[in-house]
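S.K.: Protein chains in written order, with numbering that gives the first Met the number 0: chain A, 0 to 128; chain B, 0 to 359.
For the record, the hints were derived by calculation from the structure and aren't laboratory data. No experiment lies behind these values; they were computed from the predicted model shown. The C-beta atom is built at its ideal place from N, Cα and C for all residues, glycine as well. Please note that the accuracy of each hint is not assured.
[Unchecked claim] With beta-carbon atoms standing in for the labels, derived distance ranges:
| # | chain 1 | residue 1 | chain 2 | residue 2 | range |
| --- | --- | --- | --- | --- | --- |
| 1 | B | Gly331 | A | Gly4 | 53 to 59 Å |
| 2 | B | Phe172 | A | Asp5 | 56 to 62 Å |
| 3 | A | Asp78 | B | Asp168 | 43 to 49 Å |
[Unchecked claim] Facing chain B, from chain A, some residues (calculated, C-beta under 8 Å):
| # | residue |
| --- | --- |
| 4 | Gly36 |
| 5 | Asp37 |
| 6 | Ala65 |
| 7 | Tyr69 |
| 8 | Ile111 |
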Amino acid sequence: MDIPGDLKFAPSHEWVRVEDDGTITVGISNHAQEQLGDLVFVETPEIDHQCEAEEGIAVVESVKAASDIYAPVAGKITDTNPALADSPELVNSDPYGDGWIFKLAPDEIDDIDNLMNPDDYEAFAEAAE
Amino acid sequence: MGIHTALHQVHLDNAAKLVNFSGFCMPLHFGSLLSEHQAVRDSAGLFDISHMSVLDVHGSHATHWLRIMLSNDVAKLDDGKAMYTCLCLESGGVIDDLMVFKLNENHYRLYLDAARREKDLAWMNAHLTRNVEITEVSGNAIIAVQGPDSVNMASAAFGSMGLSRTLTDMPRFTAFADGDWFVARTGYTGEDGLEITLPANQVVDLWKALAAQGAVPAGLGARDTLRLEAGFGLYGQDIDEAHSPAESGLAHTIDINDDDRLFFGRDVLEDHKRFGGQYFQIGLTLAGDGMLRRGAGVQLAGQSIGEITSGSFSPTRASSVGLARVSRKFDGGCDVQVLQNLQPAHITSVPFVPHGLARE
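Take the sequences, apply the hints, and build the full model.
M.R.: Below is the structure:
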């Protein structure tokens with residue numbers, strides 16, 4: 000699966016896309032969903048929750064294990080993906096598109112620059128295996 | 000990552016995610032556990048179970064010896080019949096759960112857990128008597144084809160390989176030997192199906208013939224969610240040496256009808272069969288989202304009463320189900336540790352799934 004060129008990545012395997020309105024959309028990478036296997040539950044964060052960078056704010060559960068999802072940067076949660084309650088498998092089938100998990104308004108948009116670009120992330124993920 | 004089965008290349012060709020399972024390199028899944036699970040419930044799935052331990056028991060004292068070693072009574076078997084049983088210690092604790100097939104009065108075949116192979120052999124060899132021989136059956140592969148369409152598919156697959164054998168009217172829980180092949184109408188999924196033991200150099204052809212009929216390759220991940228839905232225990236999780244069969248949902252494997260049959264653990268097993276043990280197995284489902292996971296504590300009104308022994312997701316019910324061992328009987332609800340919280344859970348009758356053989 001190709002990684003869309005406009006994404007940035009955290010070492011904990013979350014991807015970030017900066018939207019036109021300055022909010023960011025967050026999900027987990029294809030590498031991460033492959034490691035987890037079929038997801039059966041996704042626990043999304045509360046809207047308006049103010050999170051710190053690297054705070055555990057969501058949980059994805061596969062048959063195998065539960066895995067925490069971390070806020071890639073500090074900010075306030077603005078939206079969560081309503082489709083995941085009935086169709087958690089979207090994270091597996093379309094991790095960079097319909098499988099998005101939440102959106103947040105970053106405290107500092109420049110914090111995104113500290114994240115990895117797709118090539119660096121691919122190398123990182125492969126080395127981690 | 001473990002011993003390759005004869006189907007290893009086929010698994011690679013099917014993009015299996017391989018894992019080490021009891022020293023064997025086995026498919027965990029072929030892309031989607033949930034799809035594979037569904038295929039078994041809806042049509043047919045195909046499993047490589049070549050890791051299982053297979054023992055032949057031969058001799059004029061074979062029946063006599065197995066009646067001493069096993070919790071269930073092989074004396075009630077006709078030729079060709081299968082029976083599920085435990086192999087117990089003197090304490091009544093379970094060394095392994097297994098399927099025993101009677102070929103004739105002097106020949107039985109046992110299928111045991113891969114993970115317990117050494118322990119089983121050590122125990123049996125330590126208690127061997129005259130006129131009984133146990134032989135590890137090697138050189139074979141084993142395939143399970145499971146699901147409502149599985150036996151029809153197997154009949155067609157056998158036909159396409161030039162083997163004529165009517166499988167569809169085989170009674171369940173029976174088996175036959177045909178040359179080097181051993182075909183049993185048994186399984187671990189709660190569905191109709193077959194478990195076929197055959198020479199390793201023929202298994203690739205049979206696998207491909209079954210896949211050509213539409214059987215879907217399925218891995219150990221789906222095998223686990225299927226068996227849990229069907230209410231079957233797994234040794235090492237739901238069943239262990241510290242608990243009797245009756246304390247592990249297996250009271251039905253204890254046969255005390257013959258007062259004169261002395262067998263390992265009889266005293267404790269008879270007592271537990273009549274009056275129950277210290278623990279009971281129950282089925283639980285979570286009221287809300289989240290997963291019951293092995294080791295999670297079970298509480299009743301704030302008191303710890305036991306733990307989840309096997310927990311997973313039931314795709315058929317779209318919720319988590321689990322088997323638990325608890326020290327107290329109760330009705331209705333309890334609380335279970337789910338991640339950081341206590342969540343309400345309900346007692347649910349086992350098997351969990353209303354479809355397939357599980358509810359017949």
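S.K.: Could you run down the list of hints and mark each one as holding or not?
M.R.: These are the hints, each one checked on the structure:
no.	hint	result
1	Gly331/B to Gly4/A: 53 to 59 Å	holds (55 Å)
2	Phe172/B to Asp5/A: 56 to 62 Å	holds (59 Å)
3	Asp78/A to Asp168/B: 43 to 49 Å	violated (59 Å)
4	Gly36	holds (6 Å)
5	Asp37	holds (4 Å)
6	Ala65	holds (6 Å)
7	Tyr69	violated (16 Å)
8	Ile111	violated (29 Å)
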